[in-house]
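Q: Note that the sequence shown covers residues 19 to 409 in this note's numbering.
Be a bit skeptical, because a hint or two may be false.
Listed next, the in silico DSS-like pairs over lysine-lysine satisfying Cα-Cα at most 25 Å (straight line) [claimed, not checked]:
{"id": "1", "residue 1": "Lys-20", "residue 2": "Lys-46"}
{"id": "2", "residue 1": "Lys-394", "residue 2": "Lys-315"}
{"id": "3", "residue 1": "Lys-20", "residue 2": "Lys-61"}
{"id": "4", "residue 1": "Lys-88", "residue 2": "Lys-98"}
{"id": "5", "residue 1": "Lys-373", "residue 2": "Lys-394"}
{"id": "6", "residue 1": "Lys-68", "residue 2": "Lys-129"}
By construction, these hints were calculated from the structure, which means they are not laboratory data.
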Amino acid sequence: MKILVLGGCGIQGRTALYDLASDTNISKIICADIRFDELSKIKDFTDMEKITTASIDAQNKSDLLNLYKKVDVVIDLLPKDFKTHVNEAALEAKVHVVNTNYMYDTKILDKKAKEAGITIMPECGLDPGIDLVIYGDAKSRFDSLSVINSYCGGFPERKACTNPLNYKLSWIWRGVLSSTMRYGRIIKDRQIIEIPGARQHDESFVHEIEFPDLGTLEAVPNGDAVFFTDRMGLTKTIANTGRYSLRWPGWSAFWRPLKELDFLSEDPVKGLDGTVSPMDFMEKHLGPRLAYQDDEKDLVAMINIFEGKKDNKKMRFTSSMLIERDLETGIMAMSKGVAYTACIVAKMIARGEIKEKGVLSPVTHIPVAAFMERLKKRGIITTEKMEEIAD
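The task is simple: from the sequences and hints, build the whole structure.
A: Put into structure tokens, the structure is as follows:
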């Protein structure tokens, strides 16, 4: 197999290179990015002989096509703004693509991908990604579902909570800031509730859950849960559903007043020279202050809870997972969840284990048992519990 990693020098990209390089069935890996100095962070524990580098402009189709012609599948770890360029080049080159961004209206792309005879698998990271595979698995275990609640978050271990936010960066800080203004929808008591981004951290929308071995975590609405129940054909029967980010308690109390004071606005501040927005300031000022030290772990906690009927009994299925940073290599927990997932699925496509063409979904197109076993081999283990509950 020959695989191209777009954004190969980022946090997720380096982890993908490390994972791919350990596979004896992969003969060539192309790391495409705009600079390559960060590769030094993995050279001591990665087979670098398989890896070649290519400097690209990801908005330039010819740059992409030149690389696509050399590989069997593309792993796209670029920011979502590039996905149109990435996918258009894939259609022309007739090469498969896996990416980690959310999928929305893809009817036209699906038709074109089928005509080109290629597979495009979006939402193939941590969240979305692993959670959606669990969604599909859970649906198959029940005769009917009435509750789907999904929780996932990345944050520091307790001893690394050395700032007032109790948070450090295992992701792009600008993306984290943008997510604090994300519009969402949940279903509560069979009613669809819209949550404007500005109200995401209101007390009425935030709750707490208990996570095994961690204790109390804060759950903040994160995105459109109804979008997924629609795709699964379940919205009419769902009584409660939501997708939530997990943080240490106090996260929402910090952001609520700042949002009310417009600190996340992207409009330039009037009266100042230049075009700096409050969001720009928050990104540049806070970002460098939220870095992990080499001896500090980031954690990823995920828990998915499903309730429904099975054989006329009311049942609850709970799937939980905790990932920790590897201090020996420095590989972050967040990047394990994202990159390992993308690598596993890219290889499934290249090997023909996933044969369908078009725009696919982790909910329905990833073989669950094989996927979970390969996560387990990489140290990512889910704990499952199915129990009968009072009707």
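Q: For every hint, state whether the structure bears it out.
A: Hint check:
1. Lys-20 to Lys-46: Satisfied, since the Cα-Cα distance of roughly 5 Å is no more than 25 Å.
2. Lys-394 to Lys-315: Distance of about 20 Å is within 25 Å: holds.
3. Lys-20 to Lys-61: At roughly 20 Å apart (the allowed maximum being 25 Å), Lys-61 and Lys-20 satisfy the hint.
4. Lys-88 to Lys-98: Distance of about 23 Å is within 25 Å: holds.
5. Lys-373 to Lys-394: holds, 23 Å
6. Lys-68 to Lys-129: violated, 35 Å
The structure does not agree with numbered hint 6 stated previously, though it agrees with all others.
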